[in-house]
Each structure stands twice: as C-alpha cells, then as structure tokens.
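Chemist: The letter at position 225 of the sequence shown is residue 225 when you use this note's numbering, and the numbering goes up by one with no holes.
For the record, the hints were derived by calculation from the structure and aren't laboratory data. Please note: incorrect hints may appear among the correct ones.
To be verified - The calculated label-pair distances, taken between Cβ atoms and stated as ranges, are:
hint : residue 1 : residue 2 : range
1    : Phe33     : Gly135    : 17 to 27 Å
2    : Thr217    : Ala37     : 20 to 30 Å
3    : Leu214    : Leu76     : 20 to 30 Å
4    : Glu54     : Gly109    : 38 to 48 Å
5    : Gly212    : Val152    : 15 to 25 Å
6    : Ser3      : Asp44     : 12 to 22 Å
7    : Arg79     : Asn153    : 31 to 41 Å
8    : Gly212    : Leu76     : 33 to 43 Å
9    : Asp38     : Leu226    : 29 to 39 Å
10   : Asp129    : Glu207    : 37 to 47 Å
Being a predicted model, the structure only gives us computed values, none of them experimental. Even for Gly, the Cβ is constructed at its ideal location relative to N, Cα and C.
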Amino acid sequence: MNSSPLQNPELDRFVAELHQRSSDQITGITTYFADRADRGNAADLGELDAAANEFLADKLVALEHDKALLCHRLCLALRARRVVEVGTSYGVSTLYLAQAVRLVAEAEGGTGVVIGTETEPGKIAAAADNFRRAGLGAYIDLRPGDLRETLVNLDAPVDLALIDVWPVMARPALELITPELRPGGMILIDNTENHPESYRDAFEFIEDPSNGLLTQTLPFRGGLELVIKR
Numbered sequence: 001m002n003s004s005p006l007q008n009p010e011l012d013r014f015v016a017e018l019h020q021r022s023s024d025q026i027t028g029i030t031t032y033f034a035d036r037a038d039r040g041n042a043a044d045l046g047e048l049d050a051a052a053n054e055f056l057a058d059k060l061v062a063l064e065h066d067k068a069l070l071c072h073r074l075c076l077a078l079r080a081r082r083v084v085e086v087g088t089s090y091g092v093s094t095l096y097l098a099q100a101v102r103l104v105a106e107a108e109g110g111t112g113v114v115i116g117t118e119t120e121p122g123k124i125a126a127a128a129d130n131f132r133r134a135g136l137g138a139y140i141d142l143r144p145g146d147l148r149e150t151l152v153n154l155d156a157p158v159d160l161a162l163i164d165v166w167p168v169m170a171r172p173a174l175e176l177i178t179p180e181l182r183p184g185g186m187i188l189i190d191n192t193e194n195h196p197e198s199y200r201d202a203f204e205f206i207e208d209p210s211n212g213l214l215t216q217t218l219p220f221r222g223g224l225e226l227v228i229k230r
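Kindly produce the complete structure, drawing on both the sequences and the hints.
Modeler: Have a look at this one:
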C-alpha cells in the first residue's frame, strides 16, 4: 500500500504544513465575522465587501484535505490533462491538482496544465512561491485577474474544474467552463450547502437541461457539489 496520498512524501509534508497554517487562521476568521454580526454590520458571505476582502487578503482559506484529495483522485481517474481552478488563493488545492496532472503526464507521455485564477496580488505571489517550492510550476498556469477575463481562453477540452470562490462568482465561472468541458468531465463546487441561497444562480444554470449537466451534492463539510457533463 502506498502510504503517500499524493505519491510524493515531500509534497505530502508540504501540503500538510499549508493546511495547518490555514487551520490556525480559522478561529480569527470566525471571530472577525461574528464580531461584525454583533455590531450589526454582518458581512454578506455571498459577496464580500471591501473590509472583509481586506481582512481575508492574507488568509489561506484552503480547501480541506479530504476534498482536495478527492479532486486529485478524480483527476487521476479521468486521466486529466487540462484542469481549471477558480479561486487559487495560496495554491494549496492547486498542488493536489497539478500533482495529478504530472502523474498522468509522466505515466502516459506528453504534458498537461492546471489553469488557476486569483485576484489578490499577495495571494498570487504566495501561490507562485508555493508552486516553485513544490516543483510543480511547470504544470500550472496562474492567471491574475477577474475570472470573467482570465477564463475566456481555456483551450478545450477541459477534463475537470474546481470552483472554490465566493458564490456570486460561481455562475460566471460555470458559464465559461461548461462549454469547454468534455463529455464525462467534472466540475466540483465547494460549500454549496453552507450558502444555498447565494448559489441559487449557479444552480439555475446547472439545472437548465440545455447545459447538459447532472449534479449530486457529496456529503462533505459544507457540501461539495459534483457536476458531470453528459
């Protein structure tokens, strides 16, 4: 049995360190939003205001290990060569995706890429450094800016996409990714059960028969939506 989930013990240790940093920040994040609510200035978690965005600018807010590992293994199952990640942040989940793409490329020849997008300059710089430290930079195309611009040219077919952004941006991401997704390709969307009202627009798109999608909510913390293109 391979005791290394990512088939690379050094990478396993590195992502574990990043997950611990992210976990260490959770109490502070929870306190910030609770204090705002107590003051009658609750933040809209569907679309954050400037103050909340400033507070979160140096927070990892990493996708949980179990969810990220599922994404990694789905990439392996799909023999994924082209993956899209919406909401790269510090690039923790990106490393899971890129390692899968690398393993597929090494096993079968050729290459592959994870296309990531992020708006926060500090996070972009930190993610790039994490990619370098992990030795995965050659498999990642990190695009700075608004996803409505950065995801216009995806060079289909896309095998898998991970959407881990504030809910207001989920539908624009779906509208850009779905036409480029191959039949049998998958989209995973985080936290759909935590903020169901905020994801209403996204689900209207998913459930529109003309878009050719099937969906199932997986029983992870906060909900993880698995969307498959027919």
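Chemist: Determine for every hint whether it applies to the structure shown.
Modeler: A quick look at each hint next to the structure:
For Phe33 and Gly135, the Cβ-Cβ distance of about 36 Å falls outside the hinted range of 17 to 27 Å, so the restraint is violated. Hint check: Thr217 to Ala37, Cβ distance near 26 Å, so the stated range 20 to 30 Å holds. For the hinted restraint 20 to 30 Å between Leu214 and Leu76, the CB-CB distance of approximately 21 Å keeps it satisfied. The beta-carbon spacing between Glu54 and Gly109, approximately 46 Å, falls within the hinted interval of 38 to 48 Å.
Checked against the given bound of 15 to 25 Å, the beta carbons of Gly212 and Val152, roughly 21 Å apart, stay inside it. Checked against the hint of 12 to 22 Å, the pair Ser3 and Asp44 fails, with Cβ atoms roughly 43 Å apart. In this structure the supplied range 31 to 41 Å is violated for Arg79 paired with Asn153, their Cβ-Cβ distance being about 23 Å. A beta carbon spacing of about 24 Å between Gly212 and Leu76 contradicts the range 33 to 43 Å that was offered as a hint.
The hinted range of 29 to 39 Å is satisfied by Asp38 and Leu226, whose Cβ atoms lie roughly 36 Å apart. The beta-carbon spacing between Asp129 and Glu207, approximately 40 Å, falls within the hinted interval of 37 to 47 Å.
Going through the hint list in order, the structure does not satisfy hints 1, 6, 7 and 8.
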